[in-house]
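The sequence shown begins at 139 in my numbering and counts up one residue at a time.
Any given hint could turn out to be false.
Cross-link-like lysine-lysine pairs, in silico, DSBU-like; alpha carbons within 30 Å at most [to be verified]:
(1) Lys190 with Lys357
(2) Lys190 with Lys270
(3) Lys304 with Lys236
(4) Lys252 with Lys270
(5) Lys363 with Lys189
(6) Lys298 with Lys172
(7) Lys264 with Lys214
(8) Lys217 with Lys189
(9) Lys217 with Lys171
For the record, the hints were derived by calculation from the structure and aren't laboratory data. If you're wondering where the values come from, they're calculated on a predicted model, not measured in any experiment.
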Amino acid sequence: MFFSKKKKINEIDMSRLPQHIGIIMDGNGRWAKKRGLPRSAGHSAGADSLKKIITEANNLGVKYITVYAFSTENWKRPKEEVDYLMSLLLDYLRNAEKTLSGENVVIRVIGSRKGLSEEICRQIIKTENFTKNNTGIVMNIALNYGGREEIVNAVKNICKDVKDGKQNVDDIDDEVFSSYLYTANQPDVDLLIRTSGEQRLSNFMLWQVSYAEMWFTDKLWPDFKPADLHKAIIDFQNRGRRFGGV
Numbered sequence: 139m140f141f142s143k144k145k146k147i148n149e150i151d152m153s154r155l156p157q158h159i160g161i162i163m164d165g166n167g168r169w170a171k172k173r174g175l176p177r178s179a180g181h182s183a184g185a186d187s188l189k190k191i192i193t194e195a196n197n198l199g200v201k202y203i204t205v206y207a208f209s210t211e212n213w214k215r216p217k218e219e220v221d222y223l224m225s226l227l228l229d230y231l232r233n234a235e236k237t238l239s240g241e242n243v244v245i246r247v248i249g250s251r252k253g254l255s256e257e258i259c260r261q262i263i264k265t266e267n268f269t270k271n272n273t274g275i276v277m278n279i280a281l282n283y284g285g286r287e288e289i290v291n292a293v294k295n296i297c298k299d300v301k302d303g304k305q306n307v308d309d310i311d312d313e314v315f316s317s318y319l320y321t322a323n324q325p326d327v328d329l330l331i332r333t334s335g336e337q338r339l340s341n342f343m344l345w346q347v348s349y350a351e352m353w354f355t356d357k358l359w360p361d362f363k364p365a366d367l368h369k370a371i372i373d374f375q376n377r378g379r380r381f382g383g384v
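Throw the hints in and build the complete structure from the sequences for me.
Written as structure tokens, this is what we have:
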């Protein structure tokens, strides 16, 4: 087992790592159901997997990683589950100050703050400020996030700046538009990973994944291990990225 894991790591070309990895962490509920456990147990196990993956990505030298923690559509889930997820996210942010900060991780939370409790909003600010001077991987937690909403908000802000004379319409291009997104000054996603066998974007980073290589696995998120991250990166490096060219 050790040899196999070491062999996989040795297959990774460290000079061609994806700069930005996006992860749709899917399958927590199904993981719990398979074991006769409440959905909350699946979300808790998923949080444990997330810490391991972030730590491994940072150790490898990946610069940015964005994880889909809670979408704007997730509010439709049962209140009990939503309440548990919010409690878990709050605890995750608190613990991240001690754990992931020690791993030199920069933590940013992207998405709308509308609907989030004052306690969570305060903790977001605290955690971001606590980790902002770290120099390792930047971890974007997509919380109350929707790709379409992000684009609509960007358009509104551009229109406002044009009206106020801060932006010239003729100067607006891909780069300018990107600067109005939550991920301003970050590279687009190179590699998108989705677990649990689903093969759709689910309103995740619609602009940023335009040319991302997509990697799907049947593994449920709590079962996703660092070795699976290695497989995804190796597969990414074996693909020919043409960006619309021949």
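These are the hints, each one checked on the structure:
1. Lys190 with Lys357: Satisfied, since the Cα-Cα distance of roughly 16 Å is no more than 30 Å.
2. Lys190 with Lys270: 21 Å, holds
3. Lys304 with Lys236: The hint is violated at about 40 Å.
4. Lys252 with Lys270: Distance ~23 Å between Lys252 and Lys270 Cα, so the pair holds.
5. Lys363 with Lys189: 11 Å, holds
6. Lys298 with Lys172: 50 Å, violated
7. Lys264 with Lys214: Answer holds: Lys264 to Lys214 is near 28 Å, not above 30 Å.
8. Lys217 with Lys189: 26 Å, holds
9. Lys217 with Lys171: Holds, at about 18 Å.
In summary, the structure is inconsistent with hints 3, 6 from the numbered list given earlier, while agreeing with the others.
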